[in-house]
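Trainee: Since chain V is already given, all that's left is putting chain R on it; use the hints.
In case you want the letters, here they are:
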Amino acid sequence: MNLLPGKNPPGNWAEFLEGLWQRNPVFVMVLGMCPTMAITTSAINAISMGLATTFVLAASCWMISLMRHVIPKEVRIATYIVIIATFVTVVDYGIQVISLSLYEALGAYIKLIVANCLVLGRAEAHAARNPPMASVINATGMGLGFTLGLFMIGGVRELIGMGSLFGISLFGPHYQPWVVMILPPGGFFVMGLWLMVFALVRARRDHGLAAQTQGG
Amino acid sequence: MMNQTLNQTPKIELRTSPHIKSGRTVEQIMRNVVWALLPITAFSVWQYGLSALLLIVTVTATCLATERFMNRVMLTGNTLSDWSATITGLLLALTLPPSYPLWMGVVSGFVGIALGKFLFGGMGFNVFNPALVGRAFVQAAFPVSISTWTPAFAPGRFSGLIPTTLTAPLMTPPDIAYWAKHALDGFTGATPLARWKFENVLATPQDFLTGAVTASAGETSAILILLCGGYLAARKFMDWRIPVAVLGSAALLALAFHVFSPVRYPEPSFVLLSGGLLLGAVFMATDMATSPVTPWGVWIFGGIIGVVTVVIRYFGGLTEGVMYAILFANSLVPMIDQYTQPRVFGSLSGQRKGKKA
Numbered sequence: 001m002n003l004l005p006g007k008n009p010p011g012n013w014a015e016f017l018e019g020l021w022q023r024n025p026v027f028v029m030v031l032g033m034c035p036t037m038a039i040t041t042s043a044i045n046a047i048s049m050g051l052a053t054t055f056v057l058a059a060s061c062w063m064i065s066l067m068r069h070v071i072p073k074e075v076r077i078a079t080y081i082v083i084i085a086t087f088v089t090v091v092d093y094g095i096q097v098i099s100l101s102l103y104e105a106l107g108a109y110i111k112l113i114v115a116n117c118l119v120l121g122r123a124e125a126h127a128a129r130n131p132p133m134a135s136v137i138n139a140t141g142m143g144l145g146f147t148l149g150l151f152m153i154g155g156v157r158e159l160i161g162m163g164s165l166f167g168i169s170l171f172g173p174h175y176q177p178w179v180v181m182i183l184p185p186g187g188f189f190v191m192g193l194w195l196m197v198f199a200l201v202r203a204r205r206d207h208g209l210a211a212q213t214q215g216g
Numbered sequence: 001m002m003n004q005t006l007n008q009t010p011k012i013e014l015r016t017s018p019h020i021k022s023g024r025t026v027e028q029i030m031r032n033v034v035w036a037l038l039p040i041t042a043f044s045v046w047q048y049g050l051s052a053l054l055l056i057v058t059v060t061a062t063c064l065a066t067e068r069f070m071n072r073v074m075l076t077g078n079t080l081s082d083w084s085a086t087i088t089g090l091l092l093a094l095t096l097p098p099s100y101p102l103w104m105g106v107v108s109g110f111v112g113i114a115l116g117k118f119l120f121g122g123m124g125f126n127v128f129n130p131a132l133v134g135r136a137f138v139q140a141a142f143p144v145s146i147s148t149w150t151p152a153f154a155p156g157r158f159s160g161l162i163p164t165t166l167t168a169p170l171m172t173p174p175d176i177a178y179w180a181k182h183a184l185d186g187f188t189g190a191t192p193l194a195r196w197k198f199e200n201v202l203a204t205p206q207d208f209l210t211g212a213v214t215a216s217a218g219e220t221s222a223i224l225i226l227l228c229g230g231y232l233a234a235r236k237f238m239d240w241r242i243p244v245a246v247l248g249s250a251a252l253l254a255l256a257f258h259v260f261s262p263v264r265y266p267e268p269s270f271v272l273l274s275g276g277l278l279l280g281a282v283f284m285a286t287d288m289a290t291s292p293v294t295p296w297g298v299w300i301f302g303g304i305i306g307v308v309t310v311v312i313r314y315f316g317g318l319t320e321g322v323m324y325a326i327l328f329a330n331s332l333v334p335m336i337d338q339y340t341q342p343r344v345f346g347s348l349s350g351q352r353k354g355k356k357a
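As given, the protein sequences belong to chains V and R, one line each in that order. Read left to right, the first sequence gives residues 1 to 216 (my numbering). Read left to right, the second sequence gives residues 1 to 357 (my numbering).
Please note that a few of the clues may not be correct.
[Stated by the list, open to error] From chain R, some residues computed to sit far from chain V (all C-beta separations above 10 Å):
no.	residue
1	LYS21
2	ARG31
3	GLY121
4	GLY230
[Said to hold, decoys possible] Derived list of chain R stretches under chain V, where covered just means 3 residues or more per stretch with a C-beta under 8 Å from a C-beta of chain V:
no.	segment
5	136-143
6	170-181
[What the hints assert, rightly or not] Anything over 10 Å on all C-beta distances counts as not near chain V; from chain R, calculated:
no.	residue
7	PRO18
8	VAL57
9	LEU161
10	ARG241
11	GLU267
Bear in mind the hints are in silico, worked out from the structure with no lab data behind them. Quantities reported herein were computed from a predicted structural model and do not represent experimental measurements. We put the beta carbon where it would ideally sit given N, CA and C, even for glycine.
In isolation and in its complexed conformation, chain V is listed as follows (with noise of 0.2 Å):
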């Protein structure tokens, strides 16, 4: 577990590696599920969905550490939703500016951000706690984290309902499309398989671990 020993406990490499990996907001925490089913249907919305929310999470966080000694503890949580909510603003207009076609395919889930419970999560129990470079970093890990998952996710979904891969056909023109990979039902189906290979890589090893210490 520790990655960097020697340094500070946790070190920022660990921080770092806390939410891409070990803690990730998609397949271990379960978090954020609503734009992961919804959005999820191509590798491409999944990508940006997940860094704009990686953007939205670093600002936030960076901000809120700053001013946790100065953010009443009644009114936190509204305060940290005034800040998410901006840096989602500038988020919305943001991919507006970059592609208009990437906006209307991500439609509300971009101003939804602000009720991401990852976000809120994020900012309760780490940036209020932090200083701001390690709750940058931690938040970052995070996001990426959460890219991922949504990569993961999006992509499989794209690759057998639409036979693509970030648009690109893989298959050829007569691929039968997987309607149901597309539909809400196949978000659920991808996301439980994930679950399902990741339970299976977690049992494996705690049985290997088991095995060497019996065996040591």
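Mentor: Just chain R, lined up with the frame of chain V:
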């Protein structure tokens, strides 16, 4: 010390219920269901030819292979010999159109057994009928193929295949409207239910009884289904109350609609004979793992299926609703069982469990 003294006392066997056993095994029941399905399968092959045969063989083989594969993965013992996967395979194949591409049949068989049965814990633990889970999945995944119909008793059905059968895996099947028109004169490509719903044309009961209608592979032979179901019911391998409840409630509701407006709504006999209602009522609703066990629960369960089927057919966007009706009723089974518990012998009526100590 304690154990020794206990062991020395005269033997009194202590066991939990059940105490009375019928001597019937799961394997025996399932084997009889397979036998009852065989005439229907044979009729379907005679009706639709080589394509239906290939589809039935492929889907059943997929189900068996998936069962074996999941046995390995989930470290359960070999459950192939209880025949349940064979039933799932046969039933699933019989609910698919005869022109169904084989690779999609493989997908539905795999999903039915893996998702519908083993992810819930295997035989007896599944909430939904595995065959219907497989069919629901492919209906949602490939909506066009599952509503592509071909004529029954087409000449040359034993010398050639329907063009869609051997579609390459993952590829879109070719359009067979042209082929079907040439295979049988005057073929419309719609099931009786679809023709009633969209064109207001009613099929006659004679058409249904002789199987001369467009339908899924195994749902046209009304007489055979009733005979085979009768055999199972007579030998008590099947709860006769479920099909009676399903068909009765569907017929009653259809009759009410027909009396209300004879022009708009067809006669009850049409509702009973068309689509998959008979096959579903006799072979799928009666699946022991996914139907209630209480005497009243069985009637309620069947009634829900019949009513939901008619409601979907009359007011839904789909032409056929038996599959969703059964899946819906399956999901209610635990609740039905809980609320229809019979009164325990010796307890006062009106006194609920746990209310009074």
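Trainee: State for each hint whether it applies.
Mentor: Each hint, compared with the structure:
1. Distance check for R:LYS21 against chain V: the nearest CB is about 37 Å away, which clears 10 Å, and the non-interface claim stands.
2. Distance to chain V confirms R:ARG31 as a non-interface residue, since its nearest Cβ pair spans about 33 Å, more than 10 Å.
3. A cut-off of 10 Å between C-beta atoms confirms that R:GLY121 is not in contact with chain V; the least separation is 14 Å.
4. R:GLY230, annotated as away from the interface, keeps every beta carbon of chain V farther than 10 Å; the closest lies near 37 Å.
5. Counting residues of the segment 136-143 of chain R whose beta carbon lies closer than 8 Å to any beta carbon of chain V gives 5, which reaches the threshold of three, so the coverage claim holds.
6. Counting residues of the segment 170-181 of chain R whose C-beta lies closer than 8 Å to any C-beta of chain V gives 4; at least three are required, and the coverage claim holds.
7. Every C-beta of chain V lies more than 10 Å from that of R:PRO18, the closest at about 35 Å, which supports listing it as non-interface.
8. The beta carbon of R:VAL57 is kept farther than 10 Å from every beta carbon of chain V, the shortest such distance being approximately 22 Å.
9. A cut-off of 10 Å between C-beta atoms confirms that R:LEU161 is not in contact with chain V; the least separation is 18 Å.
10. With a cut of 10 Å on Cβ distances, R:ARG241 stays outside the contact zone with chain V, its closest approach being about 33 Å.
11. No beta-carbon of chain V is positioned within 10 Å of the beta-carbon of R:GLU267; the least distance is around 35 Å.
The structure agrees with every numbered hint stated previously.
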